[in-house]
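Peer 1: Each chain, letter by letter, is given below.
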Amino acid sequence: MKIHQLSLFLENHPGRLKAACKVLGDAGIDIVTLALADTEQFGILRLIVADWQRARSALEAAGTVVNVTEVIAIEVGDHPGGLLAVLDVLDGAGLAIEYMYAFAAGPQTQKATLVFRFEDPDAAVRVLARHGVNVVGSAALLQRVEP
Amino acid sequence: MTTHADKVTNIVVAGLGGQGVITASDILADAAFHTGLDVKKSEIHGVSQRGGSVTSDVRFGPRVLSPMVPPGKGDFLVVLASDQVENNRQRLRPRGVLITALVSAPCPCGRTLRRMRRVARRSDDMLIIRGVNVFPSQVEAAILGVEGMLPHYQIVLTRDQGLDQIEVRVEITPAVFSDTVRGLEDLRVRLASAIEHTLGLRVVVYLVESRSLERSEGKASRVLDRREGVASPEVSHP
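So the sequences go chain by chain: A and B. Using the working numbering, the first residue of the first sequence is number 1, and each one after it goes up by one. Using the working numbering, the first residue of the second sequence is number 1, and each one after it goes up by one.
Hints may contain errors.
[Unchecked claim] Below, in silico cross-link-like pairs of lysine to any residue (SDA-like), each with a Cα-Cα straight-line distance of 20 Å or less:
no., chain 1, residue 1, chain 2, residue 2
1, A, K22, B, K73
2, A, K2, B, T180
3, A, K2, A, P80
4, A, K18, A, A62
5, A, K111, A, A62
6, A, K18, B, V208
7, A, K22, B, E209
8, A, K22, A, K2
9, A, K18, B, G20
10, A, K18, B, K7
11, A, K22, B, R211
12, A, K18, A, L114
13, B, K73, B, L28
14, A, K22, B, S210
15, A, K18, B, R95
16, B, K40, B, G20
17, A, K2, B, K40
18, A, K18, B, S212
19, B, K7, B, R95
Calculated from the structure, these hints are not laboratory results.
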């Protein structure tokens, strides 16, 4: 149920994001979705790609420091209050969200997919399953993006 | 170059009669004596009164037996006359330091004697930051004290409104890279406090990409001194 996310350390300079994307582009790796966290000094690029092992070796060969984290993709109703329902569940279980970002829009559906990073992803999956929240596995996720 | 406490330091001063070779070595010996070290000194001034060669050896350390610096054992060779450099060069040890810089042009004050240039820089890598003596190796030790870090760093010195500022750039390693901003800010704080604790100086730590800093030994690339007026003092009155 968990998805492997690659995180890259980027200095806060023009061209750093491009350099990382070029490595993936040259290796023929498709980015499924991404999010960029930025601070005054540096940025963290978080990526979900089709073939994370190959992406990691390509990036590491290019001298980039890569961190692999397990994140959870959650499906929420694409309507007002859809995310609220999931956050209610998380709040009730006392699960803190480290960060989250929205998935790039896939084919037309009534559902939106969000990526969450928890301190303890296994506990989060258990809680979400108990409350009937749809956690999307990586195979299903990739299938959805590349039908 | 480091001068170890348990080692004898050998200095050879050379020049011509009347230049102050003996006076210079007297001052050196006196200074060493006042630090509580054993000091021995010898002089050769055969035809000095006709402007001939003069040399003087100064040796100091915890215990010095002979007053002569053995051939090829000089740590420092100070030469006051440019034509005396070659015939004294063999007294220096490999990687010994030759100090000689003479100005023949008359001084603006009217004196016509040759003058020695002001001392330009240190021969070791010690830095003086806000009056505090700092060795880059201290910064390195502090960084290595933080788990998972490698000794890939650069010290950047600037001056803001008359006050020295130190910035330490440290390469991120796979072992310490976190996907959360909080994790990296944590690391930055840990590095900064480790360095501050060692140096007694407040520093700004920048995390940089792995392999982004130049790999080389020595002072040049480890330290970027952008403070004005520190690196190269102009020749002034002797």
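Peer 1: Each hint needs a verdict: does it hold in this structure or not?
Peer 2: Right, here's what the structure says about each hint:
With a CA separation close to 56 Å, the supplied pair A/K22 and B/K73 exceeds the 20 Å bound. At most 20 Å may separate the alpha-carbon atoms for a hinted pair to count; A/K2 and B/T180 meet this at roughly 18 Å. With a C-alpha separation of about 26 Å, the suggested pair A/K2 and A/P80 falls outside the 20 Å cut-off, and the hint is violated. Proposed proximity of A/K18 and A/A62 is supported: the alpha carbons are some 13 Å apart, at most 20 Å.
Our distance criterion of 20 Å between C-alpha atoms is broken by A/K111 and A/A62, whose separation comes to about 37 Å. Between A/K18 and B/V208, the direct Cα distance comes to roughly 17 Å. Compliance with the 20 Å bound is thereby established for this hinted pair. Taken as a hint, the A/K22 and B/E209 pair is honoured in the structure, with Cα atoms around 16 Å apart against an allowance of 20 Å. Proposed proximity of A/K22 and A/K2 is contradicted: the alpha carbons are some 27 Å apart, above 20 Å.
Between the alpha carbons of A/K18 and B/G20 the distance comes to roughly 64 Å, so the proposed pair goes past 20 Å and is violated. Proximity of A/K18 to B/K7 is assessed by CA-CA distance (about 55 Å); at most 20 Å being required, the pair is judged violated. Proposed proximity of A/K22 and B/R211 is supported: the alpha carbons are some 18 Å apart, at most 20 Å. This hinted pair does not check out: A/K18 and A/L114 have alpha carbons roughly 25 Å apart, beyond 20 Å.
Under the criterion of a C-alpha separation no larger than 20 Å, the hint pairing B/K73 with B/L28 is consistent with the structure, at around 18 Å. Taken as a hint, the A/K22 and B/S210 pair is honoured in the structure, with Cα atoms around 17 Å apart against an allowance of 20 Å. For the given pair, A/K18 sits about 46 Å from B/R95 by alpha-carbon distance, which is inconsistent with the 20 Å threshold. Of the pairs offered as hints, the one joining B/K40 and B/G20 holds, with about 19 Å between alpha carbons and a cut-off of 20 Å not exceeded.
The suggested pairing of A/K2 with B/K40 is violated, with an alpha-carbon distance near 76 Å, which exceeds 20 Å. Under the criterion of a C-alpha separation no larger than 20 Å, the hint pairing A/K18 with B/S212 is consistent with the structure, at around 16 Å. At roughly 16 Å between alpha-carbon atoms, B/K7 and B/R95 fall within 20 Å of each other, so this suggested pair holds.
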